[in-house]
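With the hints as your guide, set chains Z, P and B onto chain S.
There are 4 protein chains.
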Amino acid sequence: MNAENFGSSERLVAAAYVRQGAQGRRGHELLLRALLEQGKCPEDGWDESTIELFLHELAIMDSNNFLGNCGVGEREGRVASGLVARRHYRLIHGIGRSGDISAVQPKAAGSSLLNKLTNSVVLDIIKLAGVQTVTNCFVVPMATGMSLTLCFLTLRHKRPKAKYIIWPRIDQKSCFKSMITAGFEPVVIENVLEGDELRTDIEAVEAKIKALGAENILCVHSTTSCFAPRVPDRLEELAVICANYDIPHIVNNAYGVQSSKCMHLIQQGARVGRIDAFVQSLDKNFMVPVGGAIIAGFDASFIQEISKMYPGRASASPSLDVLITLLSLGASGYKQLLKERKEMFSYLSSGLKKLANTYSERLLDTPHNPISLAMSLKNLDENNDVAVTQLGSMLFTRQVSGARVVPCGTVQTVNNYTFKGFMSHSNNYPCAYLNAASAIGIKKRDVDVFLKRLDKCLKTCRKEGNKEKSVNEICDSNTGTEQLAN
Amino acid sequence: MNAENFGSSERLVAAAYVRQGAQGRRGHELLLRALLEQGKCPEDGWDESTIELFLHELAIMDSNNFLGNCGVGEREGRVASGLVARRHYRLIHGIGRSGDISAVQPKAAGSSLLNKLTNSVVLDIIKLAGVQTVTNCFVVPMATGMSLTLCFLTLRHKRPKAKYIIWPRIDQKSCFKSMITAGFEPVVIENVLEGDELRTDIEAVEAKIKALGAENILCVHSTTSCFAPRVPDRLEELAVICANYDIPHIVNNAYGVQSSKCMHLIQQGARVGRIDAFVQSLDKNFMVPVGGAIIAGFDASFIQEISKMYPGRASASPSLDVLITLLSLGASGYKQLLKERKEMFSYLSSGLKKLANTYSERLLDTPHNPISLAMSLKNLDENNDVAVTQLGSMLFTRQVSGARVVPCGTVQTVNNYTFKGFMSHSNNYPCAYLNAASAIGIKKRDVDVFLKRLDKCLKTCRKEGNKEKSVNEICDSNTGTEQLAN
Amino acid sequence: MNAENFGSSERLVAAAYVRQGAQGRRGHELLLRALLEQGKCPEDGWDESTIELFLHELAIMDSNNFLGNCGVGEREGRVASGLVARRHYRLIHGIGRSGDISAVQPKAAGSSLLNKLTNSVVLDIIKLAGVQTVTNCFVVPMATGMSLTLCFLTLRHKRPKAKYIIWPRIDQKSCFKSMITAGFEPVVIENVLEGDELRTDIEAVEAKIKALGAENILCVHSTTSCFAPRVPDRLEELAVICANYDIPHIVNNAYGVQSSKCMHLIQQGARVGRIDAFVQSLDKNFMVPVGGAIIAGFDASFIQEISKMYPGRASASPSLDVLITLLSLGASGYKQLLKERKEMFSYLSSGLKKLANTYSERLLDTPHNPISLAMSLKNLDENNDVAVTQLGSMLFTRQVSGARVVPCGTVQTVNNYTFKGFMSHSNNYPCAYLNAASAIGIKKRDVDVFLKRLDKCLKTCRKEGNKEKSVNEICDSNTGTEQLAN
Amino acid sequence: MNAENFGSSERLVAAAYVRQGAQGRRGHELLLRALLEQGKCPEDGWDESTIELFLHELAIMDSNNFLGNCGVGEREGRVASGLVARRHYRLIHGIGRSGDISAVQPKAAGSSLLNKLTNSVVLDIIKLAGVQTVTNCFVVPMATGMSLTLCFLTLRHKRPKAKYIIWPRIDQKSCFKSMITAGFEPVVIENVLEGDELRTDIEAVEAKIKALGAENILCVHSTTSCFAPRVPDRLEELAVICANYDIPHIVNNAYGVQSSKCMHLIQQGARVGRIDAFVQSLDKNFMVPVGGAIIAGFDASFIQEISKMYPGRASASPSLDVLITLLSLGASGYKQLLKERKEMFSYLSSGLKKLANTYSERLLDTPHNPISLAMSLKNLDENNDVAVTQLGSMLFTRQVSGARVVPCGTVQTVNNYTFKGFMSHSNNYPCAYLNAASAIGIKKRDVDVFLKRLDKCLKTCRKEGNKEKSVNEICDSNTGTEQLAN
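Residue numbers (my numbering), protein chains in the order written: chain S, 1 to 486; chain Z, 1001 to 1486; chain P, 2001 to 2486; chain B, 3001 to 3486.
Looking at chain S on its own, in the form it has when it is part of the complex (with noise of 0.2 Å):
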């Protein structure tokens, strides 16, 4: 409605009711205005109301929703189905150009503005959460992993020697595969025991660098949140390393957004030292579908030539994804979150302790580790081999997901590396433990529920204690291969 309909409906309703629900409109436009204006996180959600209006607008901006246009081309962004319209709210060109993904497209000026909107807020929300010097960012249609390679890709242009990328360990198999899909040598770098915490060992580090030649050296690869007992690396360190040494320093912040001390050492070291660019997940930050990712840098131009990098459009659902649900939240929202995550921590780790003493285990000191907990499994493991794998499986038939046991001793070969003590981010930690993590999101049902039914499952496994499994009914999710997938 413009203000001619406006002045139209006056013939039908009285004028004095019109000028009320144009009054109406006005308030969800200054909300649009200022979205566009800012380009920021608005502070307190919007509602879906004014949000499917937004989409409605943007959408009507795109050539394939124009009443008059007529398409020649190969791509006219028409659709076959009707239900897949409208879950994209008719937003069907995609993000970017054949040059670059964040470019604006010209047959496409709505999805254009939702590409640029949204790296904008999501920029709004990274130092929110804690990295304010952050300079730029983009969102990716691609899972943390792939985002990594991407990074690697454009090093390589820029460091055509270089081979090897230095990797404190962590047990992840899509980090490693990040670095050889984009066709560098991995050197693993073990990581050493503190107390019950796994740390970067910084010594070896340095030494492999040396050893290596910076220049053959195509980054180092740090990682901030993962599974306890292993903590974020030392990034202080490494960053000043890689300053020191000219080296690239790619961080996997995968699931860090969501935790200020991952954040917090992501600024550290871009204060300090080195960080080129660091990945993060929307879905383990933002609460959306699987899919997508944050790269996002302290040099601007850097992160241009990543979103260079990638060769033609790509899909712009994740990023509506985000939009949709920062714009929901808003900034007081999501801050709301952080904070609830992290009174589900303390809850979470003070239940799993006091349960850890009732079986004679114990939850793992690992004081450095915001997001996940360990708790050892030394007596279901000492009296019964298979026992440790079947918690895993007893805890998925019961609905726990998420949940993550690690036996001692596991070997696995992942693209021809093999990886001893593989799931414990250590060639041979010294008991087999249990995770559990409280993500964003979590709710204290989550923490009750999950503490409840692994005690009744601790309790089974004790009683079987040393009986024979004559049927084994274990399902494939409770090896520990299967759980490091989560």
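Treat the hints with care, since some could be wrong.
[To be verified] With a Cα cut of at most 20 Å, we get these calculated PhoX-like pairs of lysine-lysine: (1) P:Lys2353 with P:Lys2342; (2) P:Lys2158 with B:Lys3459; (3) S:Lys163 with Z:Lys1163.
[As the list claims (entries may be wrong)] Okay, the calculated bits of chain S under chain P, using three or more residues with CB under 8 Å as the criterion: (4) 1-13; (5) 17-25; (6) 28-38; (7) 51-63; (8) 112-119.
These are computed hints drawn from the structure, not numbers from a lab.
A virtual CB, placed ideally from N, CA and C, is assigned to each residue, including glycine.
Chains Z, P and B only, in chain S's frame:
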């Protein structure tokens, strides 16, 4: 409603009517059954009601929709926004696992089924479209360019020494960039002019292979669908050369599924020679939003290698879109679309020919190109240099999308490579021209309106002939580079 | 997006593209403008995108969607369930006010516009369908029967002495009950048999009026659309009688809008005599869900009196449905549906005739009924009493809906009135028969499948001929009474 | 997915995961089961996913969604617009049959179930809300006024001689019109002033009954929920009188379900005397769109008589809305809403009291009204006659909805009856006042914002005190009559 629930319903509504209702449900279930058992695109399309029921059924098989689930992992499929949850039918876990984008997820049986079925149905359609001997394929949530990159990255591991990719020139940035991004050096093979057509220079390809040494060549990267006057590459001859020299062969079949000719070329190439993989866009062939591609091939294990090369999970959104679309069209609906496209191609062709004659131009004679047409712009070009690009701008502002104006002699540098005559696939094509295509989903109205508007624009251009343009309100979109990106 | 917001967008996306987007928006706005100014059904249907935009625009004019609203009344348009809010496009306030169902609500300018526009568009369609001189109408969220009741209740205030309603018999319960519910005594006028047709007994009507005294008669209540072999009432003659005796005349035009013949009768009746109001079903004429009707007439003030008789607000749901439907069809789409219906009537007629002959039955000759057909079931009836009703049951369980089997001699008591030969509109129609209709939206497939299934059922009945039915698995739905209720 | 389909799925996805998925489905099915078997509102609300699954299941039991259906009737549930089909979840056949709005439809087992379950769940909630001995009820797609009319029309058949309805005055147009529309003569019983409260004049009621003769009285029509300073009628005393004189008693409980006091009055009235039916609005009590009501009572057969009085089918839309709402809230959610409303009533009450004092006005002392409050506007009224209505206008334009300003001495004629002091339920209430209510769904923010805006308006009014109003831009909505219609 299961049997028990139907039973309970008989307390409220006469048994005979409930039975009739249960019978009605049965009809939908049988469709699902056939899909699950045969894995083929149903001959007749499903109605929306059945599709939504099906997606709903899949969704409640995923753990995030279990009523009793408790989650203590770092990725639990939680969704913050109801809008987002609904638009994905609550299928949140994406597809694949860290090991393989085609793998099954324990947490998400429904999403896993979706993924398997999509790939299976898409395979069926590729056969139906003309490549009968294809053995494996998968949908990947990346557009064509990035999917080609993934193929090249996979080949790297098989051919560690290779540096070059042999590439018969096609002036489309993302094709070119797909090789650069993967870290390889494109070896551009200029096309030869045969009549009006630009065709593959087979001899130059073979000469280049000999010159560089087969082992140094990663693959031949050929193209089917393209803008006239270029025509699909001579796939048979290229495939034979690849077989002879034991060089992999990757085909960019971007929007070729819609053309039986392009599909036939691939089928023939594979029959007489070697084709390792062919890649096609989802949006350009199946009328879904931008952002997905299909990687297909004749050696199932190689295709699986590619799918294992993708590090981590991925968005299910493109898979969901194409599955919904194919189920709603049915095989018969898709065939009907192909038929209509072909008819519209003839209609556009004869209309354009007539119009060209009126303006003393001609429709270029490009019988090997089944999708794109080109009409010369000789007079316009000779009289007035600005006019050719201005025509592009005029069409754009008149809501003609996809028409592409190609002036002579544009020079463009892409990733340090300089292309003369960019956009025309040739260093010096004899004349400027305008492209129009008959792509899937085109309607008679598109053609009619296009011809009418083009007529008006040409008339205006002729009148303005040698007049000076004082106010040159030409938007960016009318430069050659711009139109290229279509 | 208003002008300012488009301006702000140019910071993010090139001005030329934003202008193009704004131009795109303009296209939709112009459609809205035309609707608001002319109040007519657009010739061409709108696409879903425009309709949704329109509804969204209306919704944000209602106070419950004002971002800054605070509510301290007892009815504030709050909605507890998001599912409910969405399915009503957040239009919550319903239509009308306590004074008048057509009145404007101060709190809800958008809903008020919706109401006005719906009535205006519907009026346009009634003219288009053949009653050109209609002057006023309104949609009421009650089905035909209750809407007739409302008409009678309104007349009561104008004719306080009247007790009787003259009613040419039509065997449809809700017509009869509409009079009973209003508190009047129906005076049933039996139809006369002319050939196979049952037609209005004009002389009996006039005689009855004289007998009872015009001032004691509330109105004549006639019917157009009905099941063959009854045909539409002789409206012209009845209208003349009403004019002569100064008696109101209410026409039940339940599903007559779809037939130019029925509409023509009304137009003629009003021209030569008196018709006070005619009532038609929304669902039966406009393919929307059950639950709404249109009350229309030639004297605007009388129609307004009826609308003022409805005490309080009412559901906007039927208005919303019919408005969406007519906007999406457009006048041309609706005319196309009428045309197809007519064609299918011929097709059904000839198919049924052929089938009847095969079984030595005949298609009754009812040329004045433009919608419903009847095929005799003489043989079936004579050989086996059960068979006629069993045929109904057989068709029902074979998913033939709407076929209606009428045995001879059913006696039914409705609100203390006893009808002989119930369902057949006559005390003793010569034979049993089966009805089938060609109603709006019917497809060729419906007719083909129906004829095929009917053929099979008749074959089975013939075979089973004189056999005893031991297991009579006949559901309730096959009794005469049941089928009546269709 | 039935058992066979799960079986087929195991070909594609590991059996253990499919079993887990089937288990997940089971969770939803059990909820449906409980609903079908108990017919009660579930204690805990269902999530959207379960509700949508349930509605989808119902829909496919209706013949219009049978894949193999062929329709040759005049009402086949065809839908022209996809938007319409979807917003009704493809439940198109409405509710009821020509014989009874509560009856089952053979063609539509799903819609029939919906209807039965809605009535059953609503009955459960009425009990929960305080009328434990209610025995029957049904949802009718008409607002309160028309539903009352239906009750009166039903009574007519039981009391053919009756002409009058005894009606303790309540100044709400649709209550009054409900009697007029039904064709009866309202006998207005003026209220008596007790302190600030206006209460039922029991003696006058009895006197009037004696004067008119019980057999000439159709019923007593009393009211619970109303604007202060009127308070709910003395139901117990009225019920006893009705029992003594054998006169039916219909209670207008428009928005009384939300108040335990109103419900208690009904329960008590039925216990000690006679209440035949009580009618309540859906939108006002259950936060759904306008347009439905519940007719409930203690004698199941009388309620059924009313449901049989409705001629023909009816819209299922209000039933669908209330069912979705109650399933999503659950009994606990509804109770929570009731609790919050009560708390907000106290909060509003004390806030308004404080504000009144500031302006030397007072909160009227109306302890028997549990929902509505009144604050005197004595000073405003005395100083300036226009000011009182202007205050209404000011609040309206400041987006305060539902506040109701009542000046002294308004005279209004409704259907030829003249009311002195209209809006105030009294010929001469001592002062002007402003109403505000705490209705279900009200939030603390509503109250806070209201008090703040009211404060500002009163301040402005005071200042403008005796100034002349030159430009009186008062919209229609601020007149007394207007505000009444809330």
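Verification of the supplied hints:
no. : hint                     : verdict
1   : P:Lys2353 with P:Lys2342 : holds (17 Å)
2   : P:Lys2158 with B:Lys3459 : violated (51 Å)
3   : S:Lys163 with Z:Lys1163  : holds (14 Å)
4   : 1-13                     : holds (count 9)
5   : 17-25                    : holds (count 8)
6   : 28-38                    : holds (count 7)
7   : 51-63                    : holds (count 9)
8   : 112-119                  : holds (count 4)
In this structure, only the earlier hint numbered 2 is contradicted, and the remaining ones agree with it.
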